[in-house]
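**Q** What follows is the residue order along each chain.
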Amino acid sequence: MRAKKTAAVAAPKMTWKKDFKRNWPVYLIFLVPFVYIFVLHYIPMFGLAMAFQDYEINKGIFGSKWVGFQNFITLFTADEFPRALRNTVCISLLKMTIGFIMPVIFALLLSLLRNRKYKRAVQTMSYLPNFVAAVVVAALVTEFLAKDGPITMLLCRLFGAENQNWLANDQVPVFWVIYLIMGIWQGMGWGSIMYVAAIATVNGDLHEAAAIDGATRLQRLTKITIPCIMPTIIMMFVMNIGLSFASGFDNILLLYMPSTYNVADTIYTYTYRMAFTGSPNYGLSAASGLFQSVVGTVLLVGSNYMSRKLSDSSLF
Amino acid sequence: MKTRVKKLREEDVQIHMIENPGIGDRIVDIVVILLCALAAFCCVIPMWHVLMASLSDGKQLLAYEGLAWLPVGKASLDGYKHIFKDASILKGYANSLLYTAGATFLGFVISTMAGYAMSRDTKLKPFMTLFCYVYAAFWRRYGSDIYGCVETGVGRHAMGADHSGLHECNVHGYDDECVQLCAKGDV
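First to last, the protein sequences are chains A and B. Position one of the first sequence corresponds to residue 1 (our numbering), numbered consecutively onward. Position one of the second sequence corresponds to residue 317 (our numbering), numbered consecutively onward.
Worth flagging that the hints you see were computed from the coordinates, not collected in a lab. It is possible that some hints are incorrect.
To be verified - Each computed DSS-like pair below joins lysine-lysine, with the alpha-carbon atoms no more than 30 Å apart:
| no. | chain 1 | residue 1 | chain 2 | residue 2 |
| --- | --- | --- | --- | --- |
| 1 | B | Lys439 | A | Lys21 |
| 2 | A | Lys17 | B | Lys439 |
| 3 | B | Lys407 | B | Lys397 |
| 4 | B | Lys397 | B | Lys375 |
| 5 | A | Lys223 | A | Lys309 |
| 6 | B | Lys375 | A | Lys147 |
| 7 | A | Lys18 | B | Lys439 |
| 8 | B | Lys375 | B | Lys407 |
| 9 | B | Lys390 | B | Lys375 |
| 10 | A | Lys223 | A | Lys119 |
| 11 | B | Lys401 | B | Lys390 |
| 12 | A | Lys223 | A | Lys117 |
| 13 | B | Lys390 | A | Lys147 |
| 14 | B | Lys397 | A | Lys309 |
| 15 | B | Lys375 | B | Lys401 |
Generate the whole structure from the sequences, applying the supplied hints.
**A** Here it is, written out as structure tokens:
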């Protein structure tokens, strides 16, 4: 992340020769990550050629037949595609709104705590889920939502909900909510770290002055703390727009089952299924992966642009 | 009053002013404390459940419904005995330790190098940044990568300590590094 200011104070004009003479150690250092990234991450990108081929494993990329956009046509006309797209968009929207706001609220709550020891204890406990492997979390979710699981029982007793395996429920919002809550549980404490840091930088004099003028704590929260961390929130939100479409669907693979495909299948899981299960269709899978990457990248670049306009700082 | 001031540590005085809260403030305090307790409870309780289940009697646990507050049946360490008998589990654990250590080390070295190179004002800086971001944007883990980068970057920005070297080295976003940097810098 670079702020505009630092970009403005760039080095004075230099010729390439002078620059190289002065900065060659820097370039030498960069050579190591360059080789690493290039070999392990750029070269495999040519595998995307599969998206335009009728790919067969025994023939490889160089031997397979080129079919142009045939894979994309198959993809967009497949029955599963509109369903997967709808689920992807809806889940992304949920993550972007509710999933985004929870860490902010949590950080604000933490900022209102007076007792530092208690605050630290709460913070530490809230970080814990972040360190639990996703597979374990999925196992927990499965167990808690099973027919005799604790959450099912709780819902049953408190709200009289039907005793059922919630994960097998294919009504519209159920799976989405489960997935959303799982994400919040995993990431809320950890995601709040940077808001806590931002709140910590709010100038104490402002609070003091407001308190002397008789502002209550709630007023100070809404009139001082929130406006002060607004740039951070905006920046994070704008970045989230780009990212939520493209990432974080891994958990779905661990939670969904064939009977809930109509609410749980996303483009990501569709890509995965096409490539690794049943009768693999690598071309189709690569096409669908490429589609998601392209949309994700467009959103990311767009949101980066917006972030630059709104909060004066951006990724690139 | 004197004793009270003495009790406060220096850092407390710097961050919290001394207030005399009214009734409304007290109520807000209590609500906030309860909400935080609830959040912390929700975070910890599933793990508590697993811990208690691991100490429970297997057969009775299968028939048990709801949350295991205490070990179901007679508490025992039989489950643990069982897994430590299985050599493949220990082996798997050794492997994951190895992977973690290796990946962390490699990630640390490489992202520090890239971060340092990108933090300098050189003519190739735009290229280097683009190179790393394009990789991050296209490759499969791009989500968490950039996210981690933004998180750390903004955190640092917010802290007012603009050590570009530190935050840019998360460009590759090795999650572990971000985590460490976040933990060091921002908590």
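**Q** Each hint should be assessed against the structure and marked as holding or not.
**A** Now for the hints, and whether the structure bears them out:
Restraint check for Lys439/B and Lys21/A: the C-alpha separation of about 11 Å stays at or below 30 Å, so the hint holds. Between Lys17/A and Lys439/B, the direct Cα distance comes to roughly 10 Å. Compliance with the 30 Å bound is thereby established for this hinted pair. Between the alpha carbons of Lys407/B and Lys397/B the distance comes to roughly 16 Å, so the proposed pair stays at or under 30 Å and holds. Pair hint Lys397/B plus Lys375/B holds up; C-alpha atoms about 16 Å apart against a cutoff of 30 Å.
Distance restraint check for Lys223/A and Lys309/A: the Cα-Cα separation of roughly 24 Å lies within the 30 Å cut-off, and the hinted pair is therefore satisfied. A threshold of 30 Å between alpha carbons decides the hint, and for Lys375/B with Lys147/A the separation of about 17 Å falls inside it, so the pair holds. Distance hint between Lys18/A and Lys439/B is fulfilled; the C-alpha atoms sit about 10 Å from each other, no more than 30 Å. Only pairs whose Cα atoms come within 30 Å are accepted, and Lys375/B paired with Lys407/B is accepted, the gap being roughly 28 Å.
Using a Cα cut-off of 30 Å, the hinted pair Lys390/B and Lys375/B holds, with the two alpha carbons roughly 11 Å apart. For the hint pairing Lys223/A with Lys119/A, the CA-to-CA distance comes to about 22 Å; that is within 30 Å, so the pair holds. Using a Cα cut-off of 30 Å, the hinted pair Lys401/B and Lys390/B holds, with the two alpha carbons roughly 21 Å apart. A threshold of 30 Å between alpha carbons decides the hint, and for Lys223/A with Lys117/A the separation of about 26 Å falls inside it, so the pair holds.
Restraint check: the Cα-Cα separation between Lys390/B and Lys147/A comes to about 24 Å, which is no more than 30 Å; the hinted pair holds. A C-alpha spacing of about 60 Å is found between Lys397/B and Lys309/A, which places the hinted pair above 30 Å, so the restraint is violated. With a C-alpha separation of about 20 Å, the suggested pairing of Lys375/B with Lys401/B holds against the 30 Å cut-off.
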